[in-house]
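A.B. asks: Residues per chain are reported as follows:
2 protein chains.
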Amino acid sequence: MTTEAFSFSLLATDGMARRGEVKTPHGLVRTPAFMPVGTQATVKAMYPEQVRELGADVVLGNTYHLMLRPTAERVARLGGLHTFMNWQHTILTDSGGFQVMSLAQIRKLSEKGVTFQSHIDGSRHEMTPERSIEIQGLLGSDIQMQLDECLRLPAERKEVERAMQLSLRWAERSRAQFEKMGGPGKGRGLYGIVQGGDVADLRVASAQALSQMPFEGYSIGGLAVGEPQDVMLRMLEITTPVLPTTKPRYLMGVGTPDDIVESVARGVDMFDCVMPTRAGRHGLAYTRFGKINLKNARHADDPRPLDEESSCPGARTYSRAYLHHLIRAGEGLGGMLLTWNNLAYYQSMMQGIRDAIEAGRFADFKAEVKEGWAKGDLPALG
Amino acid sequence: MTTEAFSFSLLATDGMARRGEVKTPHGLVRTPAFMPVGTQATVKAMYPEQVRELGADVVLGNTYHLMLRPTAERVARLGGLHTFMNWQHTILTDSGGFQVMSLAQIRKLSEKGVTFQSHIDGSRHEMTPERSIEIQGLLGSDIQMQLDECLRLPAERKEVERAMQLSLRWAERSRAQFEKMGGPGKGRGLYGIVQGGDVADLRVASAQALSQMPFEGYSIGGLAVGEPQDVMLRMLEITTPVLPTTKPRYLMGVGTPDDIVESVARGVDMFDCVMPTRAGRHGLAYTRFGKINLKNARHADDPRPLDEESSCPGARTYSRAYLHHLIRAGEGLGGMLLTWNNLAYYQSMMQGIRDAIEAGRFADFKAEVKEGWAKGDLPALG
Chain U
1 MTTEAFSFSL LATDGMARRG EVKTPHGLVR TPAFMPVGTQ ATVKAMYPEQ
51 VRELGADVVL GNTYHLMLRP TAERVARLGG LHTFMNWQHT ILTDSGGFQV
101 MSLAQIRKLS EKGVTFQSHI DGSRHEMTPE RSIEIQGLLG SDIQMQLDEC
151 LRLPAERKEV ERAMQLSLRW AERSRAQFEK MGGPGKGRGL YGIVQGGDVA
201 DLRVASAQAL SQMPFEGYSI GGLAVGEPQD VMLRMLEITT PVLPTTKPRY
251 LMGVGTPDDI VESVARGVDM FDCVMPTRAG RHGLAYTRFG KINLKNARHA
301 DDPRPLDEES SCPGARTYSR AYLHHLIRAG EGLGGMLLTW NNLAYYQSMM
351 QGIRDAIEAG RFADFKAEVK EGWAKGDLPA LG
Chain D
1 MTTEAFSFSL LATDGMARRG EVKTPHGLVR TPAFMPVGTQ ATVKAMYPEQ
51 VRELGADVVL GNTYHLMLRP TAERVARLGG LHTFMNWQHT ILTDSGGFQV
101 MSLAQIRKLS EKGVTFQSHI DGSRHEMTPE RSIEIQGLLG SDIQMQLDEC
151 LRLPAERKEV ERAMQLSLRW AERSRAQFEK MGGPGKGRGL YGIVQGGDVA
201 DLRVASAQAL SQMPFEGYSI GGLAVGEPQD VMLRMLEITT PVLPTTKPRY
251 LMGVGTPDDI VESVARGVDM FDCVMPTRAG RHGLAYTRFG KINLKNARHA
301 DDPRPLDEES SCPGARTYSR AYLHHLIRAG EGLGGMLLTW NNLAYYQSMM
351 QGIRDAIEAG RFADFKAEVK EGWAKGDLPA LG
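Keeping their order, the protein sequence lines are chains U and D. Just so we're aligned, residue 1 is where the first sequence starts under my numbering, counting upward by one. Just so we're aligned, residue 1 is where the second sequence starts under my numbering, counting upward by one.
Read the hints as simulated data drawn from the structure, not as lab findings. Among the hints, erroneous ones may be present.
As the list makes no split between identical chains, a pair holds if one copy fits it or if it spans any two.
Under the rule of at most 27 Å between Cα atoms (straight-line distance), these lysine-lysine pairs were calculated in the DSS-like manner [unchecked claim]:
(1) 23 <-> 370
(2) 23 <-> 44
(3) 370 <-> 112
(4) 44 <-> 295
(5) 180 <-> 366
(6) 112 <-> 23
(7) 158 <-> 186
(8) 44 <-> 291
(9) 108 <-> 370
(10) 366 <-> 108
Using the sequences plus the hints, can you model the full thing?
C.D. replies: What follows is the structure, given as structure tokens:
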């Protein structure tokens, strides 16, 4: 069996904004793309068919969570992550490094990798660049990430530089392991991850060094970790011009709708974020008119839907009064409907972004969506 | 506008088992019927469209919960419970009495009614037969219940008799209020509730007295409250023959699949129970082969679906290993899929019951489903 190579096609550009297509063993990913987060092999509170119907071409799985439960070996025995979670489209996995540093207990970093204890049962594990790639291969991930070290900001320049240099050495080791496991031959891709915190010259150095390595794509890590939005955007402005135009660029863990349109304007192609799913379970709705907190008492008697023009039943069919009731009563359907609404809004925004770039009117589109958010929610009736 | 009268048609009988049809302002209810429980205006972890697609003609709403939150007056302002919860089919409501006695704090019973404090915020409320019917009318319920007093078993005969007699006096008052609110003219029905605990002559006396009152249907309450199944079935055997054959009979809060087929065999037409929904959220699956506990480690590597012959994706599409993972990981999708499976199994069983009665082979059907449950789950592979 011949598997076609992983590829990226640039279909159109509009300023720095790019409209493209990533080809993986599980289909085409239209970019700019938003990837719903499926941490534990499920996009929380959603059936996979719903996620697909909203227009998602790819979901993200978390290596750290999956290696601990149900374990990568078990997923492999069961036919891989696509079959396990009933998602026969593209899957991107992170390296596990970010969660090891943020969730695991008693972690110890060395040149070799990180040892840590599971947050679930305290069991001891070792994560190295090689092991991360091995796990991602067992999961059957189409788009894999090198292991890196991601610092929280603010951090000292010296510390940022050390972590960035370590990440470059881990990039080499990750790549070697990916080749050894036949990743490219299976049509899979491995992305290198740009680090460098909020230090401009370190970001450039990281991006330049990675560009010399044969990755299928480039991630921008270590942003949206506590710094102001303008810092993040400045880092993008100096990073994306250094990256090869022929490869997709993925801004990890970002972000709000505003973060996304601003990052697309700076040449980013792929995004993932827990916001639409997490916020949904907590009663927050993303809409054309900005964010709406359904917990607020002003919705208790409001018969209007979230957005009657939406094609998503979660947004169109149920009253705000009902959503308010469900969230207040702690009913699962509240999170199901708001997550549905939020992912629908994110995916429709991505479609709008893609259409606008193709039509050469991305700047206008960006201004229009911002105007909608600024307008805010319509006042309650009565 | 003329609304047709609430009606019950007996289409076929097979022994004591009855195949019928209840007509309400929101459609036909095929009996024997199982009513999924939608306590707080939602069948937990299910979209209403799914509930309908599984074959449910009616869902149950809990008056106690809804009167406290979002309140009956608010639901009425928002267009009634059908619109509020996006269920344009029949809704049955209980009287609230059972939950007042089991959930509320500091309750005080008198001839007039019950005063109690909300389990949500401690606020004081009064529930009388008149207020219960008023609330059910505000909700827009198609099938309403008289207020009654439901005792837990075992209980002394004297106490059982007192509660039964009180319930009869409340039946009269409930009926008067229902007439006053124009219930019959709106095509709605009010059911009287047979009480009498596990005391045969009190059950008969209750059923006889209620049969003299003009109810659209008869509920059998105060069973499945701690007594063995054979006691419950004996009570049914002496109760249903006393009730008018021309009215539907509803066994409240029952039950397991076995309880249901045995009760149908004794002349019951309608059922409700939280088991399929609650069990689903706790990792238990109802299937043709009995109950399966997905938490059990034996499922961790099992690639088989729950039931590949089921028409429900929750039963057919996902492996037991995946369901096991979701439940262990506390993922909402686990409860969503298992609830879906369980309600699908219950509704397919009801369809089987209805078909069997029409075909005059209900006894055979009962033997067959029991054989399946007794066979138990297939052993794991490997």
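A.B. asks: When the structure is checked against the list of hints, which entries are broken? Sort them ascending.
C.D. replies: The structure conflicts with hints 1, 3, 5, 6, 7, 9 and 10, although it agrees with all the remaining ones.
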